[in-house]
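Quick note, the sequences are listed as chains W and E, same order. Numbering of the first sequence is given in this note's numbering, commencing with residue 1 and proceeding in unit increments. Numbering of the second sequence is given in this note's numbering, commencing with residue 1 and proceeding in unit increments.
If you are wondering where the hints come from, they were derived from the structure by calculation, not from laboratory data. Here the structure is a predicted model, which is why all the values come from computation and not from measurement.
Which bits of chain W does chain E cover? Going by a derived footprint, with three or more residues having C-beta under 8 Å, they are:
{"id": "1", "region": "485–491"}
{"id": "2", "region": "522–531"}
To give a feel for the contact side, a few chain E residues facing chain W, derived at Cβ under 7 Å:
{"id": "3", "residue": "Trp57"}
{"id": "4", "residue": "Asn58"}
{"id": "5", "residue": "Glu59"}
{"id": "6", "residue": "Gly60"}
{"id": "7", "residue": "Ile92"}
{"id": "8", "residue": "Trp124"}
{"id": "9", "residue": "Pro126"}
{"id": "10", "residue": "Glu156"}
A virtual CB, placed ideally from N, CA and C, is assigned to each residue, including glycine.
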Amino acid sequence: MFRHLLLAGALAAGTAVTLAAPRAAHAQAGDAPSTYAIVIGSNAGGPGQDTLRYAEDDARKVAQVLVELGGVSADRVDVIVHPTPDVIRARLDHLAELVAADAAAGHQSRVVFYYSGHARAQAIDLGADELPLDELRKRLFDVKATLTVVVLDACQSGAFARVKGAAPAADFSYSSREHLDASGVAVLASSSGSELSQESEQLRGSYFTHNLLVGLRGAGDANGDGQVTLDEAYQYAYHQTLLATAETAVGSQHVTFEADLKGHGEVALSFPRAATAAIELPAAMEGTTLVEDTRAKVVVAETYKAKGAAVRIAVAPGDYRVLVRSGNQLARCDVGSDGSVDMARCQTETLEAARPKGGSLHELRVEIDGLAGGERDDGYTQNLTAFGYNQALGPSAGLQALAIKHVAPYVWVGGLASEVGLPSWTRATGAETQELDWSMTTLDVVGRGEVPIGSDGALSRLALYGQVGAGLALGHAHFSGAEGESNSHTYAGYAFTAGAGVHFDFRHQFGVSAGYQFDYAPAIDDRIGNTHAAGGHRLLAGLSYGF
Amino acid sequence: MKRLPISLVIVSAAAASQLGATNCGQVTRDPGFDLWCGDSLCAWKVERGDVERVPTWNEGDPGVQLVGTDTAIEQLTPVTSDDTTCIKFTLIANIDLDANVALNIDVDGDGTIERTEQLPTSSWKPLEFLIAIDAPYSGVRFELAKTGAGSAVLAEIDAVTSTDCDPSLPKISAFPAPLGAGCNGSADCTSGYCAVDGTFLPGDGLAATGVCVGCDGAATCGSGDVCGAGVAISAVGGVPWQCVPAGAKDLGEICVQDAECATGICTGGACSTCHTGSAGGSDCATGETCGPDWMTGFDLFTPYVCNPNGMARASGQPCASDDDCMSGTCSGEPYSECSDGRPCTNASECPLDSSLENGDCNLIGVTGGVCR
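Next up, chain W with everything else stripped away, as it sits in the complex (with noise of 0.2 Å):
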């Protein structure tokens, strides 16, 4: 699921006017800021948009960690989910009250603004309704806060980058030290000005989100001091949201950072170490650690813990369990009482192999398939039966032997070759009987396409495929006479094959198929004009080996 937004210029020429015009510049000693949030969620989908299934959330989430540990009062954050644009409009004028009071009374003020959903070049969409961009741009700076962050998770939300009079956030070697001021503008949006961003069934929500929040949680305090700052929580959403996304079908996204501030000090956006509850991966961990919340069964972080230090992840009060990948190897920990994590203590076992979208256990498969079926009736066997002969019962049945590579995403290559008994026609005369026996080989070049049914646990080993082929085939007729006359001939022609069904790859290499399967090859000539073409509709079953 894509999160679309094109925040062409509109919004950036009102970012640039904002980023002018400096804010208060410092809170009165020992008068400490306050910092309220604007987080909204919407699934909805415009006009040819689908719905999103995770944005909602994603905003649920960005409120909780605030309130944990952003040192946001509750009462100060303001979550609107699947909004309209004149809910948002009187909380952006609400919230603009609210700071221009805290300003009359010589107080600084912190605003976070949080988006999560689709947008179109000059508009956030939200469902059959929009709110223009320079509306929004107008209204968010109408907001005199010392300090405004701007969170963006939408597709292409890195179009910001093309701020008029701001540079570009360049890569994640930008460090926000030398620039920061307390003061001003900043602005984090989910991937670059050309690419979409995306959801993830695993982690049930958006990449970046997911990441800027486990960053927010601690895994993004680079310095350990405790805090995670704008600019930590920026380079932790960077590097996870890109190794994340880089085997992902729709592909890398980068996060994007554009800031103007002012000012000495850092920004933090959260504190974890002041969380009432926190997990310490411990410092000899190493590997892909995700941190589930058992209870709800959902994935609260997910980051990559390097040995060698210790890391602390702030969470919600709750049951918690980790787990850590490296090599085939996944390590069940539980977490202590008191936010441990006892390696000693891990189930660890071999994983089982993954099918990434598009893609295949094996790049090479061989599968031998049974499949059986009605014959085709036509101009050769209605000629048969004019000459008083009768089909035996039962149907058209064989093996088939099929050896394909992948070579690409979804796409399979290959070659297929099958030997198929046909159904004997038999006339009885007299005391003797004549009877055609008669068997169909091809050899095909085959194509297919293979797509997971899920992209994990067993249903990415579950796919549906789709299959066609050509290339040639061999006849083989054997007749015996009612005087013990007999004769034998092989025919060649041309053959086509297509068919669909299901392939489920077990462990350890082998798998099996199921399908249906139309194959049609036109080889075996009669002396009187007609033609057979063997083949009809096949129901087929097999079972498979991967390389």
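For this one, chain W is given, so just place chain E on it according to the hints.
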């Protein structure tokens, strides 16, 4: 319609016992020309011209090619109106443009073709004809005849009883019918005599119809003739009553009246030397009994003699088999008959059984024999 005396019906009914003889609706035999006897057809008779065995869709599945410019094959089938009044005739034909092939239908097999169906030019196409025939009838002869120089190959010639004939389909009428053919009344017969008996022979198919006969007792025959057992016109027709010369049949020949026989005695459907039962009186010497001489299996169409097979007859005395004679030799005309008692010289003269095969023609004794 005339009603014949019981004794007179024996011959006709016995001959007509083949009626209703088709098995499972099959009318013709060897539809696929599978039974070639060398270079000749087994089930089909070449009436004129030559035929060749030629391959059809497969070289192992032969058809028959009608060679020459005037060629015909025929098959006499025992189908009767008790089987059906509708026959579906099918075949597969490969007929050139310059070949003229016709299906000729001869109801009752008397040589008279009642209908001709022209076969179209065809390239291995199945052809079908529905043939409706007025009841009663006794047997059908199918003839396939080709004229012209073109090639004609026929295969899968088949005829089966059918129910597909529409009432509007013109029926073939074979009336007036020949001797031995079925009839509903005198007007149906060429001879003007239709004999019927509905009670004497069980299950013979004659319950509702009669058989065309040539005479109705001696009164219908000329001077010196007597109404007796005649000669069947075909294997599918019954043995008809006909006027035959009086006292002309030798011991052992088929008969229905004493007057037909030189011996003056007709017992068991054959000219005999004695009567059975009280009618026998003093026909046989003391200590001898009158009995059937030949082992026919049903004591009909066998001559009855005194002390049969008793090797008691002296030289010069009449005999029907070698075992009748003291010398062990009975000289006379070898006599063969079909299973229904009709005289025959080969199996093709015998009625067809349910498998459409001709019955056997068995040498069974001698006629007009005298002990040596």
